[in-house]
Amino acid sequence: MKTNTDHNSQAEELIEAYKKLAYEIKEKGKQAAELVIANKELQFKENLTAELIIANKELKEAEDELKEYMHFFNNSNDLCGIAGNTGYFESINTNFSKELGYAEKEFCAIPFIDLIHPDDVASTFKVYGELKSGAPVVNFVNRYRRKDGSYIDLDWNATPNPITGKLYCIARDITERKKAREQLLAVNAELESFSYSVSHDLRAPLRAINGYTQMLKDDFGNQLSAEADRQMSNIMKNAERMGQLIDELLSFSQLGRQELQKSNVNMHKLVLEVCEELKESNTARDIGFRIQPLLPAQADALAIRQVWVNLISNAVKYSALKEKAVFEIGSKTEGPEIIYSIKDNGAGFDMQYADKLFGVFHRLHPEKEFEGNGVGLAIVQRIVTKHGGRVWAEAKLNEGATFYFTLIKA
Amino acid sequence: MNNVEILLVEDSESDAEMTIRALKKNNLANNLFRVADGAAALDFLYSQGEYASRKDEKLPKVILLDLKMPRLNGMQVLEKLRTDERTKRIPIVILTSSKEDPDIKKCYDLGVNSYVVKPVAFDDFQKAISNIGLYWLIVNNPQQ
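From first to last, the protein sequence lines are chains A and B. Under our numbering, read the first sequence as residues 1 to 410, first letter to last. Under our numbering, read the second sequence as residues 411 to 554, first letter to last.
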């Protein structure tokens, strides 16, 4: 029995052990499952962290980029600002606050219309309306009041954002430019009134010299000798010549003040017309024109016409001693320029005096030989220079001359 | 001062003498009266100041008016005459030395009838003046 009892207790022990083992296995299994979950959770957290890192990195890059653009914003010489649709600026750049004397916060707290010159408020409202309706604005000029009370002239470009209603505005300070322009206008006006005085006051005594000499001739002519008559005629001739000089000097000074009205000029047609006119007024002369097809140019048609009239008249004048005058007119391109030329077979001139050719009242021939005041070529030079071109001449005494001038290609 | 047909408003003695001489040649200067500046011209036309005794006279047929004068200049005279009911229809010819004049346009805006630049050459000057005289005294049919 004893053996049986032993067997029994052994079996019980075994069962006990088995139970224990089963329990442990179960526990371990539980633990393992938990571990798997924990692992999974860990994995998830890791992923999240990685994503966060990426997001952070992107954020930082965006921030850097923004900072980079802010450098442009704040280093600009222009006045840059973003305005909301409420009539206030939301942010302005460094130069904006520097130019107006307000700190950014201070400035953004003032409705911007309060800082605009009273005379510019209406036009600013109009432009503001255009911007609000979505149209960008280019080169709008108004005046802003600085903190010290003075005004600054601003030239604005602005673009609206149709979704947010915000306005992106850039302004340039044109105060100096405007001042310079006003000064120029004042100087021009002064010059104009000076010209008027010159023409008026210098002419009046000339008219008297002329008039009284003529009266002397009319009233006492029969008591005077032929020599006295000749001398009086000379007085009058000179007074009239001085009148012409005054006129020409005035038209020369006017040239400098007139603005060019540029258009596409059909040079060939223009030159043909000028030649035809000059031929008609010189019917006694035998003049032959050889005109090549001439290139068109971007120029002030009236002014360039004057250039041709003066150059061709010059050629007509200085070839007066030739039995047959022949003029060759041509053009060619060289780089960005067109070179026009007119060659005559007239008196020519000595190249050592070439620099005197284009000066006002400079002449290379005595008046006895060829009439003139020495203004024609000065006018040519002034017109061509105003067009950004050059003018020069090549010649030999008694072998004709060639005059050249250049214009920028059309 | 009676029946003045031409009122010459000219400060320059020489120009006045030459103008009168040119008109005389065509027998047009018999009823000419000359004053030497704009203020005197207004006094004459409105019978005031030194011309206060000149009453109920007919207005001249034409006024020859210089532009550059002391006291009131030609433009000021023109403006005054054109805004006054009594004188707004008198023919006015501006005589000036210069075609450079910045006031040409303004003179026409103010209602000048003619604008003439006095030529330097005496022959031309005489012709210009006698043409003006002939036209305004003989050809033109004045407003009564």
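Hints are computed from structural coordinates only; laboratory data are not their basis. Some clues are possibly wrong.
[To be verified] Non-contacting residues of chain A with respect to chain B, defined by C-beta distances greater than 12 angstroms in every case (computed):
hint: 1; residue: Leu48
hint: 2; residue: Ala50
hint: 3; residue: Glu51
hint: 4; residue: Leu100
hint: 5; residue: Gly134
hint: 6; residue: Asp173
hint: 7; residue: Ile174
hint: 8; residue: Arg203
hint: 9; residue: Arg207
hint: 10; residue: Met236
hint: 11; residue: Met242
hint: 12; residue: Glu277
hint: 13; residue: Lys356
hint: 14; residue: Phe361
hint: 15; residue: His365
[To be verified] A few chain A residues that face chain B, going by a derived Cβ cut-off under 10 angstroms, partial list only:
hint: 16; residue: Leu14
hint: 17; residue: Ile15
hint: 18; residue: Gly29
hint: 19; residue: Ser197
hint: 20; residue: His200
hint: 21; residue: Asp201
hint: 22; residue: Met215
hint: 23; residue: Ala239
For glycine and all other residues, C-beta sits at the position ideal for the given N, C-alpha and C.
Can we trust that Ile174/A is non-interface, i.e. its beta-carbon lies farther than 12 angstroms from all of chain B?
holds, 29 angstroms
Measuring from the C-beta of Leu14/A to each C-beta in chain B, is the shortest one below 10 angstroms?
At about 134 angstroms, which exceeds the 10 angstroms cut-off, the nearest Cβ of chain B leaves the hint on Leu14/A violated.
Beyond 12 angstroms from each Cβ of chain B, as asserted for Glu277/A
holds, 23 angstroms
For Met236/A, is the shortest CB-to-CB distance to chain B above 12 angstroms, so the non-interface label stands?
violated, 7 angstroms
Less than 10 angstroms between beta-carbons is the criterion; does Met215/A satisfy it with respect to chain B?
Check passed: Cβ of Met215/A comes within 7 angstroms of chain B, closer than 10 angstroms.
Checking the smallest CB distance to chain B, is Asp173/A really beyond 12 angstroms?
It holds; Asp173/A is separated from chain B by about 34 angstroms at its closest Cβ, greater than 12 angstroms.
Over 12 angstroms from every CB of chain B: does Leu100/A meet that, or does the non-interface label fail?
Its Cβ never comes within 12 angstroms of chain B, the nearest being 40 angstroms, so this holds.
Measuring Cβ to Cβ, find out whether Arg203/A lies farther than 12 angstroms from everything in chain B.
violated, 5 angstroms
Restraint outcome when Ile15/A is required to lie within 10 angstroms of chain B by C-beta distance:
violated, 132 angstroms
A cut-off of 12 angstroms on Cβ-Cβ distance, and Glu51/A was said to be off the interface with chain B. Does that hold?
Per Cβ check, Glu51/A is outside 12 angstroms of chain B; nearest 80 angstroms; holds.
Verify that the Cβ of Ala50/A lies farther than 12 angstroms from every Cβ atom of chain B, and report whether the claim holds or is violated.
holds, 83 angstroms
Against chain B, does Phe361/A keep a CB gap of more than 12 angstroms to every residue?
holds, 19 angstroms
Against the hints set out earlier in the document, violations occur for numbers 8, 9, 10, 11, 16, 17, 18.
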